[in-house]
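Since chain S is already given, all that's left is putting chain H on it; use the hints.
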Amino acid sequence: MKALVVLLSVLSMTALSLENVSAVSPDDTEKTSLPPDQTAAPAPPPSQQGQARAELREAVRALTKQRDGAHPHSHSAEAYLEVALALIETDNLPGAIAQLREALRLQPDSIPARSGLGLALYHMGDVDSAIEEYRVVLELQPNLAQAHINLAMALMAKHDWAAARTELQSALRLQPDLVEGHYNLGVVQYTMGNLSGAIEAYRQALRLKPDFADAHYNLGLMLKLANQPADAVQELLAAARAGLPKAQYFLGAAYASGNGVERNLAVAITWWFRAAEQGMSQARESLAQQRQLALLKTKQSPVEARAAVEAFKDFRAQIAKEFPDLNANVAEESVGVSLVRQGRSQEAVPVLIREAYALSEPAQAELETLYENGADGQLKPYDARILTYFKTTATEGLPRPRTVLALIYAKGLGVPQDLTKAGSLLKGNPNEDAQRLLKEISAAP
Amino acid sequence: MYAALIGLLTTVIMLAGWFWASNSLTALEWSMYDAWTRLKRPARASPWIVVINRDAATDARFGAGAWDHAVLARFITALGRAGAAVIGLEFPLGEPSPPTRGGIASDAMLSEATKSSGRVVYPVRVNLSEVAPPQQAAPGTVHPSWPIVKTDQLRSFRQAETLTGLLPAFAYQAKGVGHTLVLADEDGVVRRAPLYVMFNDRAIPAFGLALTATFLQVAPEQVSINPGGAVKFQEARFPDGRTAPLITPIDTRGETLINYTGEGTAAFTSFSFLEIWNALEEKEMEKLREWVGGKVVLLLPTTQGPTIRTPVGRHVSAAIIQAHLLNTLLSGNSVKQASPISGVFGALLLTTVAAWLILSLGGWKGFASTAVLAASYLAIVLFTLSFGGWILPVVMPLGALTLATAGATVSLHLTASYRMRLMEGAMLRVQQELVAVREALVCQESNTEGLEEDLEEARAAAARPTGKEQELLQAADILREQLTTARTQETATRHRLQELEHELQSLRAVTSETHRLGDAEQERLRLECDALGIITRDPQVLAVFRDIKKGARSSLSVLIMGEPGTGKELFARAVHRLSPRASQPFIAINMAAISPELFESELFGHVRGSFTGAMGDRKGYFELAHQGTIFMDEIGDLRLEHQGKLLRVLQEKTFYRVGATKPTMIDVRVVAATNKDLQRGVSEGWFREDLYFRLNGMALRLPPLRERRQDLALLAERFVLDAAARIGRNGLTLSEEALAALQAQPWKGNVRELYHCLEQAVALVEGNLLTKHDLRLAPWSPPPDPNSDEAVLDCLRQQEFDMQATARALSWDRSTVTQHLKGMGFRALVESGGDQAKAALTLAGDPALVRTVELKLLEYYEHLVKTLQEFGTPEEAIAACRKRFKNLPDRHYRFVEVLIRKHFDRS
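Order-wise, the sequence lines are chains S and H.
With the working numbering applied, the first sequence corresponds to residues 1 to 445, in that order.
With the working numbering applied, the second sequence corresponds to residues 446 to 1352, in that order.
Derived by calculation from the structure, the hints in this document are not laboratory data.
Any given hint could turn out to be false.
SDA-like mimics (lysine to any residue), calculated; alpha carbons at most 20 Å apart, straight line [what the hints assert, rightly or not]:
#	chain 1	residue 1	chain 2	residue 2
1	H	Lys-560	S	Asp-231
2	H	Lys-1217	H	Ser-1233
3	H	Lys-728	S	Arg-284
4	H	Lys-560	S	Leu-379
5	H	Lys-728	S	Leu-295
6	H	Lys-781	H	Thr-471
7	H	Lys-732	S	Pro-430
8	S	Lys-427	H	Lys-728
9	S	Lys-421	S	Asp-433
10	H	Lys-1347	H	Tyr-1306
11	H	Lys-728	S	Ala-394
12	H	Lys-1217	H	Leu-1286
13	H	Lys-560	S	Arg-263
14	S	Lys-209	S	Pro-176
15	S	Lys-421	H	Glu-726
16	S	Lys-158	H	Gly-510
17	H	Lys-560	S	Gly-260
18	S	Lys-427	H	Arg-734
19	H	Lys-732	S	Ala-394
20	S	Lys-421	H	Glu-1008
21	S	Lys-421	H	Glu-727
22	S	Lys-391	H	Asp-1112
23	H	Lys-560	S	Gln-228
24	H	Lys-728	S	Gly-258
25	S	Lys-321	S	Glu-304
26	H	Lys-1121	H	Leu-1286
27	S	Lys-391	H	Glu-727
28	H	Lys-1098	H	Asp-1112
29	S	Lys-427	H	Ala-511
30	H	Lys-560	S	Pro-229
31	H	Lys-560	S	Asn-431
32	S	Lys-391	H	Asn-723
33	H	Lys-560	S	Glu-262
34	H	Lys-913	H	Ile-923
35	S	Lys-391	H	Lys-728
36	S	Lys-158	H	Ala-511
37	H	Lys-560	S	Glu-304
38	H	Lys-1217	H	Gln-1188
Quantities reported herein were computed from a predicted structural model and do not represent experimental measurements.
Extracted from the complex, chain S is given alone in its bound form:
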């Protein structure tokens, strides 16, 4: 019995951990612990499903370890349950569901089997059936807080927010220290338009688990929307430090606009770089915007352009601090270049790319050389990372990278030769090299 309770507990924690996983996911689309909504949202990507299964398997392993010490109610039902767990191990959820149903046929009041069935159905996307199973569990044992939580999760998937809130509140009455209960109550309260209720729920979750990064992030956003920017920045900072890229993006945005914190574009850029490195597209967009502002020197905002240039310079200086062993003078020029000169080309490439993204011209020039020629013994020519950098920045409309990429296509360096593409990249480019190259391409037969 004890082992099955552990199973339930572990399985439900799995749901919560999915939320955590999704929050740190590099994918920029929002993911929650909920199964895919049939109508509103597309099915989660395979990688996410695989991760969920892995978590489920972890829970099952924990169960099988502890099951030996338990006293089974019914030997036959126990056998089916055992097979079901084994099937879950092999990702065979339909098979597991069949075994769990068999176990329940032999022992209809088996709470572990029914809870397990509910969870399996929920993960299969059959939310209605899962809700039915959870309700039966709660009829059998109304004081089972975790069952209320599981039912609330399923109800949330059905967008039945009021019912979900009731279940969550019931669960928290039975077990006030359920962190996931408070967290999900925060989600439900917000969705129902109760911003203050949501903020309180997240604060409660954080009191129980102060290092709960997702709660910090969500609370930060709530406070931001509630027009409490200073408090929001504190929460976002906690979440950003824990490595949540969205939190890092929003924190960067707060620093960039001076909303709730003293305006500091350099800090903003730093946080955006961190978020962008985790694949946060909005952060990439923001950085691209700053680059354009600095390089395209739009007439409307020269002050903003200068600020952007300075911010990128500060960011480059911070990169130099990551390599205290390098000569300071050299570092002023480019840390990456210094590394290349020290023969640390492999190590230099990511640094050069970061510096180039931060508008370092020496780094950009070095990348051009490295891409075309490589580094003896350390780096082959036509490095894909460098090509991606050129493509990205060329798309942003930066003149130099466009010229370089045009040259790459014109010469077919690491890519199939494509003069048309090269020509289109050079069109309207004020760069002298670009104009010369365009003439050469035009003159070519």
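Relative to chain S, chain H alone:
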């Protein structure tokens, strides 16, 4: 003045009608504006507006319902980078995102994008309240872009109670927030939008206005609102670089008319959301910049959901209406509605002018000029709408104009009819006075004549030596004085008679006044006359025919007056044929030809055994004419007792057949004709006044042939042709000489006489040419003996027994004429066996003159009797009278003798 009165009256009626059927008339008023909006060529919308639609392809990609707010956030960021001046999102943003649509992260993303973009305008839904809460708006519930206003000044504006549809998290960060309230007119069509809705002490702008204010960089303190006047943006910075005020007219409720340009968003530069998104995904910033750079970008929802009726179409969402409002404001093509008071004034002016035109011009000219007036007003309405943006009222002024036209026309007819009645009354009075004066004149004439005779007798007596010369001379002097007085009185009476006759003539001239006929109308009428057998080119006759045409369709009784032979029956038949009764019987009766004893039986019929000889039931003329027309010719010859019976039938439309116990109902139209002056008959008492008015529904006077000489040739030609055709002789023509002879004839018997003359000539002629000789015209010469009784009587009759006039006509002195009449009178008295009435009728020959003659006879006879009183025996009297009546024609003395003897015999 009268026209102004009609104008005022019709405007008041129209106003009352407007209050009574306000909805219908408002709908009618607006339907014209709607038609103009629909039919005008839709102008391109402002180039500064770009509309982005959520089309089917977009919904297929992003879902048909609400979207992940992160998508909108990215959209805003991209458009901001592409240089869009203002971004308006008509999107449901009132609910927090559920976790399945990105949850709070997406909301925060949109909030962040809204803030960093700094150019987003969101809509908010307002829920209206009936009363204005006077307190100040709670902090945090209002947007800084909403102008603070004095609530008491804008109390007439619509009041918002609560705001929904936009999360505060988005509202805080938005550059502007506007309401999307649109209210339909009473007919369910949305033509206007409230530019501002009050929310406590703030004025929430319409979404389109909020976009405009953001685009033109107008701060809330630069806005001034004047209810019933305009909303003014003090320093609007237009995209072309100029800074100028933007003025938009509003009514007292803060509403402005939307100048729709085409249906939906067809007139706008528009893209699908997917196009923009693809460009964004492909990072085609240049393309995006070209599309949206410096413009107001409006993202509209799908056109699903409730649709609103507008003048340009049915399927329009509130968002599209806001797009049209934005275009109206930005393009400065505001439409202004003239105040209702101007409509009333316009109506007053138009109605007065229309009434004046109808009253002064009358007829088709009046109608044509009012039509031109209406058309001119419509043209002005169209011009001001197309070029000035002013909507002038149409229904009220034109409705009132129509009413005024009808009113003035009716009034014109009523006045004319009333004037006619007054004239008739006046004529009757004059006639009556004339009769009285005539009678007085007759008495005075007789008195004068008597006095003259007495004076002569006295003089003769005085000349004889009887010893009483002195006394006789004195008596003669007295008689002379009396005679002078009598003559003076007679002269005065004659003078008065002349005056009255003149007056009567003038009245007749006024009542018989006819409108002149145009050439084209004459020709048309002539052809129509021809079709009915009326041959004429005479404008007078054609005017009569026109009146017949007008009156024929009604059931009015018709009285045709004219000399014998002028074609009264022909016109009576025309009345019948032109009336709706044309297919029913037409019964013509000559009233003079019906024996008085059989009058009732003939007219009303009889039942079997009702009198001796009534062998079976017989229908009378009235019954035969049931549902048709009865034509009663010579109605003036109807006896008084029969007039009463006829009147009852005409009044009650029922009668009893002779011997019947049940009444018979009839429906007949009466056309009566006479050659007598019935008005005079009424005055003289031989025609009933009530019957006269009953018959005189429409009076027509047919001119005698001598007054329509131009018709003579036409008639002669036609009669010759007809007569020749009847006897099978074609090619017979009338010589010029014969025609001239015809023209010279007086034609007392009018057309009938002419017809018979020509018929006879055609029958007797031998060649193919009718000559003067063939016409066998009786030479027109006076009677051979002017002294003969016939000649004198004829002249007397012609002069209506006016002694003086007759004496003048015969070139005699008056006493000679008097003596002749006296002699003829004595003869008639003798021949009638003393029956004065019969004697008078014999002499008068015309009932109209009987009374005058009777009076004269009475005077003559009384004078004779008075003379006889002095004598004891008939012989003495005869001897004395021979002297006294020595001027009497000899042939009449024997009648005097007879009368004297009869007198003595009786006494």
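Here's how the hints hold up against the structure:
1. Lys-560(H) - Asp-231(S): holds, 18 Å
2. Lys-1217(H) - Ser-1233(H): violated, 31 Å
3. Lys-728(H) - Arg-284(S): holds, 13 Å
4. Lys-560(H) - Leu-379(S): Violated: Lys-560(H) and Leu-379(S) sit about 44 Å apart, past 20 Å.
5. Lys-728(H) - Leu-295(S): Holds - the C-alpha atoms of Leu-295(S) and Lys-728(H) are around 17 Å apart, at most 20 Å.
6. Lys-781(H) - Thr-471(H): holds, 16 Å
7. Lys-732(H) - Pro-430(S): holds, 19 Å
8. Lys-427(S) - Lys-728(H): holds, 16 Å
9. Lys-421(S) - Asp-433(S): Since the Cα atoms of Lys-421(S) and Asp-433(S) sit roughly 17 Å apart, the hinted pair holds (cutoff 20 Å).
10. Lys-1347(H) - Tyr-1306(H): With Cα atoms ~12 Å apart, Lys-1347(H) and Tyr-1306(H) stay inside 20 Å; holds.
11. Lys-728(H) - Ala-394(S): Roughly 10 Å between the alpha carbons, so the hint for Lys-728(H) and Ala-394(S) holds.
12. Lys-1217(H) - Leu-1286(H): violated, 39 Å
13. Lys-560(H) - Arg-263(S): holds, 15 Å
14. Lys-209(S) - Pro-176(S): holds, 13 Å
15. Lys-421(S) - Glu-726(H): Cα-Cα ~18 Å, so holds.
16. Lys-158(S) - Gly-510(H): Between Lys-158(S) and Gly-510(H) the Cα gap is close to 16 Å, so the pair holds against 20 Å.
17. Lys-560(H) - Gly-260(S): Holds, at about 13 Å.
18. Lys-427(S) - Arg-734(H): Judged against 20 Å, a Cα distance of about 17 Å means the pair holds.
19. Lys-732(H) - Ala-394(S): Holds: Lys-732(H) and Ala-394(S) sit about 16 Å apart, inside 20 Å.
20. Lys-421(S) - Glu-1008(H): Violated - the C-alpha atoms of Glu-1008(H) and Lys-421(S) are around 114 Å apart, more than 20 Å.
21. Lys-421(S) - Glu-727(H): holds, 14 Å
22. Lys-391(S) - Asp-1112(H): violated, 106 Å
23. Lys-560(H) - Gln-228(S): holds, 15 Å
24. Lys-728(H) - Gly-258(S): violated, 28 Å
25. Lys-321(S) - Glu-304(S): Answer violated: Lys-321(S) to Glu-304(S) is near 26 Å, above 20 Å.
26. Lys-1121(H) - Leu-1286(H): Judged against 20 Å, a Cα distance of about 15 Å means the pair holds.
27. Lys-391(S) - Glu-727(H): At roughly 12 Å apart (the allowed maximum being 20 Å), Glu-727(H) and Lys-391(S) satisfy the hint.
28. Lys-1098(H) - Asp-1112(H): Holds. Lys-1098(H) to Asp-1112(H) sits at ~7 Å (cutoff 20 Å).
29. Lys-427(S) - Ala-511(H): The given pair, whose Cα atoms are some 40 Å apart, is violated under the 20 Å limit.
30. Lys-560(H) - Pro-229(S): OK: Lys-560(H) and Pro-229(S) at ~13 Å, within 20 Å.
31. Lys-560(H) - Asn-431(S): Measuring from Cα to Cα gives roughly 34 Å; hence the hint is violated.
32. Lys-391(S) - Asn-723(H): holds, 18 Å
33. Lys-560(H) - Glu-262(S): Given that 20 Å is the threshold and the Cα spacing comes to 17 Å, the pair holds.
34. Lys-913(H) - Ile-923(H): holds, 15 Å
35. Lys-391(S) - Lys-728(H): Holds, at roughly 12 Å.
36. Lys-158(S) - Ala-511(H): Distance of about 16 Å is within 20 Å: holds.
37. Lys-560(H) - Glu-304(S): holds, 16 Å
38. Lys-1217(H) - Gln-1188(H): Since the Cα atoms of Lys-1217(H) and Gln-1188(H) sit roughly 11 Å apart, the hinted pair holds (cutoff 20 Å).
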